[in-house]
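Undergrad: Read off the chains here:
Protein chains: 2
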Amino acid sequence: MTDFTRRNLIAGASLAAAGAAAPQAEAATPPAGKQAPSVYRYRVGEFEITALYDGVWYRPIDEKFVRHADYAEVRREMSDAFMPEEKLATPFTTVLVNTGKKLILLDTGTGGQIASTAGSFSDNLKAAGIDPKTIDQIVISHFHPDHINGIKTKDNALIFPNAEIMVPEAEWKFWNDDANMRAAPEGLKIVFHNVRRIFADIAKDVTHYRPGKVVAPGIETVDAAGHTPGHAVFALQSGKEQLMVLSDTTQHPALFARHPDWQPQFDIDGAQAVATRRKLLDRAAADRTLVTGYHFPFPACGHIVKTTTGYEHVPVLWDINV
Amino acid sequence: MTDFTRRNLIAGASLAAAGAAAPQAEAATPPAGKQAPSVYRYRVGEFEITALYDGVWYRPIDEKFVRHADYAEVRREMSDAFMPEEKLATPFTTVLVNTGKKLILLDTGTGGQIASTAGSFSDNLKAAGIDPKTIDQIVISHFHPDHINGIKTKDNALIFPNAEIMVPEAEWKFWNDDANMRAAPEGLKIVFHNVRRIFADIAKDVTHYRPGKVVAPGIETVDAAGHTPGHAVFALQSGKEQLMVLSDTTQHPALFARHPDWQPQFDIDGAQAVATRRKLLDRAAADRTLVTGYHFPFPACGHIVKTTTGYEHVPVLWDINV
Numbered sequence: 069m070t071d072f073t074r075r076n077l078i079a080g081a082s083l084a085a086a087g088a089a090a091p092q093a094e095a096a097t098p099p100a101g102k103q104a105p106s107v108y109r110y111r112v113g114e115f116e117i118t119a120l121y122d123g124v125w126y127r128p129i130d131e132k133f134v135r136h137a138d139y140a141e142v143r144r145e146m147s148d149a150f151m152p153e154e155k156l157a158t159p160f161t162t163v164l165v166n167t168g169k170k171l172i173l174l175d176t177g178t179g180g181q182i183a184s185t186a187g188s189f190s191d192n193l194k195a196a197g198i199d200p201k202t203i204d205q206i207v208i209s210h211f212h213p214d215h216i217n218g219i220k221t222k223d224n225a226l227i228f229p230n231a232e233i234m235v236p237e238a239e240w241k242f243w244n245d246d247a248n249m250r251a252a253p254e255g256l257k258i259v260f261h262n263v264r265r266i267f268a269d270i271a272k273d274v275t276h277y278r279p280g281k282v283v284a285p286g287i288e289t290v291d292a293a294g295h296t297p298g299h300a301v302f303a304l305q306s307g308k309e310q311l312m313v314l315s316d317t318t319q320h321p322a323l324f325a326r327h328p329d330w331q332p333q334f335d336i337d338g339a340q341a342v343a344t345r346r347k348l349l350d351r352a353a354a355d356r357t358l359v360t361g362y363h364f365p366f367p368a369c370g371h372i373v374k375t376t377t378g379y380e381h382v383p384v385l386w387d388i389n390v
Numbered sequence: 069m070t071d072f073t074r075r076n077l078i079a080g081a082s083l084a085a086a087g088a089a090a091p092q093a094e095a096a097t098p099p100a101g102k103q104a105p106s107v108y109r110y111r112v113g114e115f116e117i118t119a120l121y122d123g124v125w126y127r128p129i130d131e132k133f134v135r136h137a138d139y140a141e142v143r144r145e146m147s148d149a150f151m152p153e154e155k156l157a158t159p160f161t162t163v164l165v166n167t168g169k170k171l172i173l174l175d176t177g178t179g180g181q182i183a184s185t186a187g188s189f190s191d192n193l194k195a196a197g198i199d200p201k202t203i204d205q206i207v208i209s210h211f212h213p214d215h216i217n218g219i220k221t222k223d224n225a226l227i228f229p230n231a232e233i234m235v236p237e238a239e240w241k242f243w244n245d246d247a248n249m250r251a252a253p254e255g256l257k258i259v260f261h262n263v264r265r266i267f268a269d270i271a272k273d274v275t276h277y278r279p280g281k282v283v284a285p286g287i288e289t290v291d292a293a294g295h296t297p298g299h300a301v302f303a304l305q306s307g308k309e310q311l312m313v314l315s316d317t318t319q320h321p322a323l324f325a326r327h328p329d330w331q332p333q334f335d336i337d338g339a340q341a342v343a344t345r346r347k348l349l350d351r352a353a354a355d356r357t358l359v360t361g362y363h364f365p366f367p368a369c370g371h372i373v374k375t376t377t378g379y380e381h382v383p384v385l386w387d388i389n390v
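Quick note, the sequences are listed as chains V and Z, same order. Per the working numbering: the first sequence = residues 69 to 390. Per the working numbering: the second sequence = residues 69 to 390.
Please note that the accuracy of each hint is not assured.
Identical copies go unnamed one by one, so any copy, or any two together, can satisfy a pair.
Unchecked claim - Cut-off 27 Å, straight-line C-alpha distance, at most; resulting in silico cross-link-like pairs (BS3-like, lysine-lysine):
#: 1; residue 1: LYS347; residue 2: LYS374
#: 2; residue 1: LYS102; residue 2: LYS169
#: 3; residue 1: LYS169; residue 2: LYS201
#: 4; residue 1: LYS102; residue 2: LYS374
#: 5; residue 1: LYS308; residue 2: LYS155
#: 6; residue 1: LYS374; residue 2: LYS194
#: 7; residue 1: LYS241; residue 2: LYS347
#: 8; residue 1: LYS169; residue 2: LYS272
#: 9; residue 1: LYS241; residue 2: LYS169
#: 10; residue 1: LYS102; residue 2: LYS194
#: 11; residue 1: LYS308; residue 2: LYS102
#: 12; residue 1: LYS374; residue 2: LYS201
#: 13; residue 1: LYS132; residue 2: LYS201
#: 14; residue 1: LYS201; residue 2: LYS347
Hint data in this document are derived by calculation from the structure and do not stem from the laboratory.
Using the sequences and the hints given, assemble the complete structure.
TA: So, in structure tokens, the structure goes:
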């Protein structure tokens, strides 16, 4: 017996109206086949923060990658975190601050120049309704390629033509020193060359800052050397609310917050990086400060809890309001 | 001395072109003031899954809310998870499955009828590019209001007019039984009344399923009674990939996965709910199955790890591809 329920009648009418022959062969809405915009907004006092996702780099690693760690333990932690093994899942989230007076970008993403699984920053900026021309200021935490490449296209055109670019003075000196470049291991030389590619022809327009510099009202730079010689983090305050932008204080927290003493090869001065990591994470945990980390899983903001062995990142609960 | 850097000249030209007088008084892009679309897509074999966020209900609770738990410990866990205390942060994420042939919605959200901090499902569905008329099938896990209210507007109009609605047979019987309603504690009576509001005038069009029913190729319903008498979860399989849709097997995982023996008042048969929770989470952990939970933090998909004391939810790493 044919099942003439009201629903089937409606569906039948709908199909007829659409000119389709029953039975249905395909869903009326095809699969999107692409990710939705990866943008998350939150407030810190009067500041509106926009977390803009740039994707993930799955960086091949080997037993030399983490100093002061048993590689079997590293792989077990990666497996326990459902990360791929032999590759370090490295997500990138940039932070845009609308202070009301200025649009300030803290680091710039990979510019699509590092991995095919990253480079969505520009699309997500567009999805967030922001024209790159309206960004007033870029503040760079340090000179690793995934933080500065987004300043330029791969053809060396400025992506944010109206933005003042501010960089740590110590970072500028270290990476632009030819003696340091000559002394660097082969794998690191490419980073020195990349710094020259990005900055050589715009050097006179780049502003240098020292730790402690207030780069805009409510945004103070804080020394966090170790990861690189001039590595900086950013303390934001608006009204009574705070956000600590931890930059690369810790790489993926499932490995390097849980094991603060592990030293990824990224950390140029491993011991100093560990001391900085512990100091900043201790402070964030004690003060229950809202934090964001460049390599924390998107949307990359949340809090830090101290455990008996290290630290845990507690992601913020996604809010439908801002 | 005036600082005529290239940047300032460009910025000046840009401001002049826009007819604005320097110095800049406001950011050229105003704060958005609202959240970005909260939509996340991922694949399970040939299925495209869309996680659609409906928001959070901050439900006031008291010392009677969690049976078999010390309330001080409950509050400490909430504080450690940076959740508000005295209120249980209850996020809602609905799951839409595009099988290629059909668009199937698993539970429907709050319909904007439960909390002012929830109800974004419709906006997010629209942001995902999906017309409610194109949804072919709705499969309901159980009859709590946050799962069924989204079937209708508050004025009782069907939101998905072409969708077949499938509900657990045991759920239908339990909540439509007048003797059960009369025997129910006062606070639960409202749930019985709500079931009647949603289903009374469409009863003849609603399909009942028993656990084990394959509601569409690759989507099997699985008995998960305890939370409610007919509570169901969904096992999805496409090709070699699987997703377990855990429905309300556990409420917010920071409390009830970490403490599987805690019995929230939501769980009608607390002991049975604990047994079901342990069984399903044990299986998910052992098989390393991708899971999603209705009350997991958005995007609500990830994996389950067994710990010495309970379980942890490990959120999936946000992917820029699908």
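Undergrad: Against the structure, test the hints numbered earlier, and report the numbers of the ones violated in rising order.
TA: 4, 6, 9, 12, 13, 14
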